[in-house]
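Colleague: Here is how the chains run, residue by residue.
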Amino acid sequence: MSTDRKKARQKKKRNRYIFRAAVLAVLIFAIGFAIVSNMNKDKEIYRVGDEAPDFQLSQINEASEIEKIRLSDLRGKGVMLNFWATYCEPCEAEMPFMEELYPQYDGDVEIVAVSLDLNQLVIDKFVNKYDLTFPIVHDKKSEVMDLYKVGPIPSTFFIDPEGKIVEYVSGPLTLDKLEGYFEQIKP
Amino acid sequence: MSSLKQIKCECGHVNPEGTVLCEACGKPVEGNEHIDGNDQKKLLNMRYEGSARRSQTYNRTIVDKVWNFFSSVKVGVMLIVLALIASGIGTIFPQEQYIPAEAEDRNPEVFYEDWYGIFGKVYYELGFHNLYGSTWYIILIALIGVSLVICSIDRYVPLRRALKMQRPKKNAIFLSRQRLYSETETVSDADKEKIMKNLKKYRYNIFEENGNILAEKNRFSRWGPYVNHIGLIIILFASILRMTPIFFLDDYVWVREGEQKVIPSTDNKYHIENKKFTIDFYEGEEAEKFAEALERGGEVHKNYQTDVVIYENESDITGEPDEDDLKPILESSIQMNKPLKFGPQFMQYTLYQSGYQQNEFSEMSFKLFNIDSEEEIGELTIDLYNPEDTYDLGNGYVVELNEFYPEYELKDGVPRSKTKFPRNPAFILVVHTPEGESEVNFLGIGKNISPNDDDNEYRLGISGYELSYASGLTVRRDYTLPLFGIGALIFMIGVVQGMYWQHRRIWINPKDDGLIMAAHTNKNWHSLQSEIEKVIDGTNVKMVVDQSEDGSVDEDDTL
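Those protein sequence lines, which keep their order, are chains A and B.
Going by our numbering, the first sequence opens with residue 148, and the numbers climb by one from there.
Going by our numbering, the second sequence opens with residue 581, and the numbers climb by one from there.
Isolated chain B (complex conformation) (with noise of 0.2 Å):
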């Protein structure tokens, strides 16, 4: 005895197990109508139609169990909700790049704990804090891509079989089971005909055995699902590829002017030097005729951009290369809108422009006046990126600089550093004179203190600065924006295809001297009830009736 039984029908079409409606005929299987819920209605469910989806037999070795498995639509609906619940359980807690800078200890592994107690615990143990990058995430992820493919190939195979092997005529059952169905007792051979020539002009297929008449259009529309599916899996499989520094990566990098650092994402392999950040604002003919849009936008520039050059570093330690480790491999600019490529062949790196800042302070000079005299001594110029010690003004004067806050802040009556950029820089001077003496004064921005008061003999003034541009630099490398562009496109033509068309089928099957009409279409039935009106109009064809109880029958017969 075989478990693989097929179900023979009495058109004489063999079916393959679980099959709901014959292939060829339409005839429900006798003992599978329950699959469908036929056993409940008076209408037919037409979805797939009625063809053998996952079989039930096929079930003795693991490939089959497993593709079972995942051909079943309420597990891969259990899989989107299990991900749903877990990336809202991802919220509760911040993720890892969110720890709050005050936290006592930022170490994961102790911050969840600290602030959240157990909960915190368990919330970090099974890597909650970092979802996205969680294993059993991804594999959730993925399982759900599987589930799409599995689905999709398990119902396209019958699907595709089952609209092949359609015949024109018809079980009797079967058609007096369709939603749109009218029987005429007589009918001329002329209003045939005529009904067949109406038929081709509202451009149906048509299919003919014996008399018995098949009408079919946009068959087509049935794939809209699957290629949509198949453009879904592609944007999976884009960010599947979109995990490796291969094909995407992300970073930022500000370089203040001068300034030569390592880009970062790039393991140490290029620096960058910034030559020179330039920044245009519309001025003269240009600005009176973008008045209108300049006063709209407030401030508009013209053109940023970055004069840099590009360095391969041949050292092979991490860590101040020798000058001639550095090979600059490039000069150019970076200009909004115009990013630089560097880089082997496909394994490119691409440089935007993608901010600035001007809030600090390169250089800073100082005048040094004898406050009797009003005569001026000499002037310093501190070069805040890279401060000395001692400035010799000559003729035995000497400045000394005893301390240098980059962002001064008073905290708790004493002066320090907010930060390590010079944007608000501050300094502890102290004059020697050529007598000997020294005088002490503490500069800053709006602030010039001589702690000993009106005793000192010279006074130091700021008499001029300079302020320097940083360029903020994102460093990006992405070869999976096209596949992610491809697979919306093939979701959105899938989308259309199965939106904008119906799948519309006629059928027209000889009783004695008259004939049968039974239609079906997935959706816009109101549609096809006046096709078929233009197209019986003029004969003593009946027109058929709408059989549904309510009115709505499986409208959203997408798959």
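Looking at chain A on its own, in the form it has when it is part of the complex (with noise of 0.2 Å):
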């Protein structure tokens, strides 16, 4: 009689353990899940240690003899990626740090400046009033900077020669820090 009741109490034990740890599943499968879907949240934004997704957008002044400026055809060198506007007073102030550094790193690191700018006047404008020789290329439909969800400007990528984000500064930069950047993404 007894080991029957042993017996009753022990299956009952049992279930009782299958239950509290079909619960526990249950409930650590639901933070998973929260925690993985909030962290794919994150890959959504291209950030430091990502690498920098491609794009592809015509160059409106005449730098180099590509009319569209791929980013992938740019690996093995340094990328700078420099989001800007003619408006963009600090965007103005860093033009001609670039325009001096860019001849000294001559194939090793390429500068592509994204313009949001409206219309292509200004810019022609601006380019011309700078002497830029570098390539700026004008994202009329606001594609790139949906993609790399840029918010205020200037926002500036460093991408190696491998593709890959290393740095990424949103304000102005400074020739010295600019310099620094350079050396950092040069192959």
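Be aware that one or more of the hints could be misleading.
Unchecked claim - Straight-line Cα separation of at most 27 Å, DSS-like style, residue types lysine-lysine; simulated pairs: (1) B/LYS1122 x A/LYS159; (2) B/LYS1000 x A/LYS272; (3) A/LYS276 x B/LYS645; (4) B/LYS622 x B/LYS1122; (5) B/LYS855 x A/LYS288; (6) B/LYS588 x A/LYS158; (7) A/LYS160 x B/LYS607; (8) A/LYS288 x B/LYS1000; (9) A/LYS160 x B/LYS588; (10) A/LYS296 x B/LYS921; (11) B/LYS841 x A/LYS215; (12) B/LYS991 x A/LYS272; (13) B/LYS588 x A/LYS153; (14) A/LYS159 x B/LYS588; (15) A/LYS158 x B/LYS991; (16) A/LYS287 x B/LYS622; (17) B/LYS1000 x A/LYS154; (18) A/LYS160 x B/LYS1027.
Since the hints were derived computationally from the structure, they do not count as laboratory data.
Since each chain sits alone in its own frame, please combine them into the complex, following the hints.
Modeller: Printed below as a string of structure tokens:
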């Protein structure tokens, strides 16, 4: 009689164990799902450590012979990806620094300056004013801006020869800082 | 020897370990009275029917250990307090998305340390700068959910068991330690019958066992808090789903008339073109009809509408897709309260008409005059979204657009543009005459300056302009809303269930020639007392006496 009871008790205990384990498993799964989806949310924003997402835009000045600049074509060189606009004062301030360093790093670092302006005329005037010799592209439909989730400008991504983002700077750059980043991304 | 001790009561019922009051007869279990504080008070604590919550003995496996940890209400309250403190700390410095625009470096990695020193650095490192998105905060909230689930299961199961196991015959100690209690020495059968009839009249369920009676009603109100918790768990689950773009996304886009651009949050898969924006006012008869409301409400519009074309982008690389890569999939209009849905089923996007602006100039026209003869030489129109370098007026007159400031301002004596939007356009226009001369004009709204002053032979004047509408559209996908609704409804049902009904029980056990009457409810004792008064009306059964010392014992017995 007592063995029957013991058996029943053991069965009950096992059932309880299975029930509790099942509930905990469901809860752990839910927490895991929450954490993973939260991390994936971050992943949509490309920042330091991520591979720079590819894009192509037409060059609007004649800095290089390529008509369409495609980011992935620039592998093997460091790339400074600069988001700017003509009306943005801090953007304007860092342009001469970029222009000064660009020839010094010829072949090592490419500059791609993505203008977020509305019309091309103001960009053309600006390029002539500063005699910019690095490639300028115009993101007419805000596609690249949306891709890189660019907020306030200037925003600059420094991409190494393997295509990985190694630095992200939101705000203006000084000549010293810029040179430091160029040293960092040159092959 | 087994650690799995069960307690056999003198009534013969076997109770699980940890039971405070026998499930069947209610007799306090010796040695367990301290659990609910019954050793301190005259009246029994009836919480969870004195059933065995969180057994202390099954502690051997990790599953049981985790289970027991979360089944403690204290742990649950601690987690809630921690979340509260964390949320409070999160308000000390601005969240990541509110980093002020004047910051030298808006990169959070730099900003917090720059502005707030070491505290800022710690704040950033611990993830307080993006509190709702930081993993530990999500885990904390999730653990509150875990505690909610386990606490509920751990109380619901034994409570249900205890209410199922209860017997009409109760232990004398149990009865005498109820709050409402009376003993009557002699009661006639006729009186007993009358009481039974009355109990039924007041819709009590009667359980009888050898002359012992249990009259019970509204037991379902005991499940209110658990139903309530199910609602909360559904709401928590919905908020987990809300973190995935499959179930929820929210964005905003401004599209000008004639403009075509990418719809944000669609991974550059969809583009939108604004064909036309319409705004209608109440006019004529209608305006008279609604005159009173219109006067009160200020500017009231009859309709906002954006006629759009949605394109699917089939190009596999971001940026300047070819014409044939953009396939128009939908041509329709978006009105207020009439959103537009597009995209594959179960992955749809919805566009809502959410705003408009009419603060941009799309076109500006100028006329060129000869100052002396007042003869009109020609007219030119500049498309402000696509201005050209030169405009040929014929007869050898050419106007050159030297500088264009979309939103003009004079800063430190230098003209420049505040933004890229043509809200206050200004131009430097150079007039080239057939004679080979050129004259410089500065033109803007309310400004017409010729730097060389009166030497100019020709005058340019603004002769017309067009304003353009920009339509503000919300891009949204929300499949979690129905789930939130269901959760909130269930939550409310639980609240109503537990609030507006009370679980009432009256025990009538014979004693010698008379009977013992005791009663319990989880709230609203006065109402129960007056109900008992009506039940025993016309009999010689004594009215129950409120035995509580201060008149209030565990009124808030909700769980």
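Colleague: Evaluate each hint against the coordinates.
Modeller: Quick rundown of the hints versus the structure:
1. B/LYS1122 x A/LYS159: violated, 46 Å
2. B/LYS1000 x A/LYS272: With Cα atoms ~14 Å apart, B/LYS1000 and A/LYS272 stay inside 27 Å; holds.
3. A/LYS276 x B/LYS645: Judged against 27 Å, a Cα distance of about 73 Å means the pair is violated.
4. B/LYS622 x B/LYS1122: Satisfied, since the Cα-Cα distance of roughly 21 Å is no more than 27 Å.
5. B/LYS855 x A/LYS288: holds, 16 Å
6. B/LYS588 x A/LYS158: holds, 20 Å
7. A/LYS160 x B/LYS607: Holds - the C-alpha atoms of B/LYS607 and A/LYS160 are around 26 Å apart, at most 27 Å.
8. A/LYS288 x B/LYS1000: holds, 14 Å
9. A/LYS160 x B/LYS588: Holds, at roughly 18 Å.
10. A/LYS296 x B/LYS921: Cα-Cα ~24 Å, so holds.
11. B/LYS841 x A/LYS215: Roughly 19 Å between the alpha carbons, so the hint for B/LYS841 and A/LYS215 holds.
12. B/LYS991 x A/LYS272: Roughly 19 Å separates the two Cα atoms, so the pair holds.
13. B/LYS588 x A/LYS153: holds, 15 Å
14. A/LYS159 x B/LYS588: holds, 18 Å
15. A/LYS158 x B/LYS991: violated, 84 Å
16. A/LYS287 x B/LYS622: Given that 27 Å is the threshold and the Cα spacing comes to 81 Å, the pair is violated.
17. B/LYS1000 x A/LYS154: violated, 81 Å
18. A/LYS160 x B/LYS1027: violated, 89 Å
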